[in-house]
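Engineer: When we follow the numbering used here, the leftmost residue of the sequence shown carries the number 9, and every step to the right adds one.
Simulated from the structure, these hints should not be mistaken for lab results.
Wrong hints could be hidden among the right ones.
[Stated by the list, open to error] Dumping the calculated BS3-like pairs for lysine-lysine here, alpha-carbon to alpha-carbon at most 25 Å:
hint	residue 1	residue 2
1	Lys61	Lys37
2	Lys17	Lys37
3	Lys37	Lys60
[Unchecked claim] Restraint-style ranges between C-beta atoms, simulated for each label pair:
hint	residue 1	residue 2	range
4	Arg21	Ser58	34 to 44 Å
5	Ala70	Trp19	13 to 23 Å
6	Ser58	Leu22	16 to 26 Å
7	Gly62	Gly29	14 to 24 Å
8	Cys66	Glu27	14 to 24 Å
9	Lys60	Lys17	29 to 39 Å
10	Phe65	Pro18	14 to 24 Å
11	Pro30	Ala70	27 to 37 Å
12	Ser58	Glu23	12 to 22 Å
As the structure is a computational prediction, the values presented were derived from the model and not from experiment.
Here a beta-carbon is modelled for each residue, glycine too, at the ideal position from N, C-alpha and C.
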Amino acid sequence: MEKIIESWKPWGRLEAWRERGPIDGLGYKVELFSDNGPVNAIPIAEGTLSVKKGGKFCIDSAILGSKWLPGE
Numbered sequence: 009m010e011k012i013i014e015s016w017k018p019w020g021r022l023e024a025w026r027e028r029g030p031i032d033g034l035g036y037k038v039e040l041f042s043d044n045g046p047v048n049a050i051p052i053a054e055g056t057l058s059v060k061k062g063g064k065f066c067i068d069s070a071i072l073g074s075k076w077l078p079g080e
């Protein structure tokens, strides 16, 4: 059996935190990494979701362009 060596590289980071105050929310930030890794991270989404109402977000690759998506 032949051993296969794979090279795994992270391509993004999601940060999330609890925000307390007048609006009880969940703060989030999504960044994409370049080939240099997290040193040159590119923020693509940031916001707050209501803890009571919930919510969702979507990363639209048509806006980003395929050069930022891995495997494209």
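Engineer: Confirm or reject each hint.
Structural biologist: These are the hints, each one checked on the structure:
1. Taking the CA atoms of Lys61 and Lys37, the gap is near 19 Å; set against the 25 Å cutoff, the hint holds.
2. For a cut-off of 25 Å, the pair hint linking Lys17 to Lys37 stands: about 20 Å separates their Cα positions.
3. For the hint pairing Lys37 with Lys60, the CA-to-CA distance comes to about 19 Å; that is within 25 Å, so the pair holds.
4. Distance hint for Arg21 and Ser58: a CB-CB separation of about 23 Å, inconsistent with the stated range 34 to 44 Å.
5. About 18 Å separates the C-beta atoms of Ala70 and Trp19, a value consistent with the hinted range of 13 to 23 Å.
6. In this structure the hint that Ser58 and Leu22 lie 16 to 26 Å apart at CB holds, the actual value being about 18 Å.
7. At about 18 Å, the beta-carbon gap between Gly62 and Gly29 stays in the expected band of 14 to 24 Å.
8. At about 21 Å, the CB distance of Cys66 to Glu27 agrees with the hint of 14 to 24 Å.
9. A beta carbon spacing of about 38 Å between Lys60 and Lys17 agrees with the range 29 to 39 Å that was offered as a hint.
10. Between Phe65 and Pro18 the C-beta distance comes to about 20 Å, which sits within the given range of 14 to 24 Å.
11. Separation of Pro30 from Ala70 is about 35 Å and conforms to the stated range, judged on CB atoms against 27 to 37 Å.
12. Range check, Ser58 to Glu23: Cβ separation about 18 Å, and the 12 to 22 Å hint holds.
In the structure shown, a violation is registered for the earlier hint numbered 4 alone.
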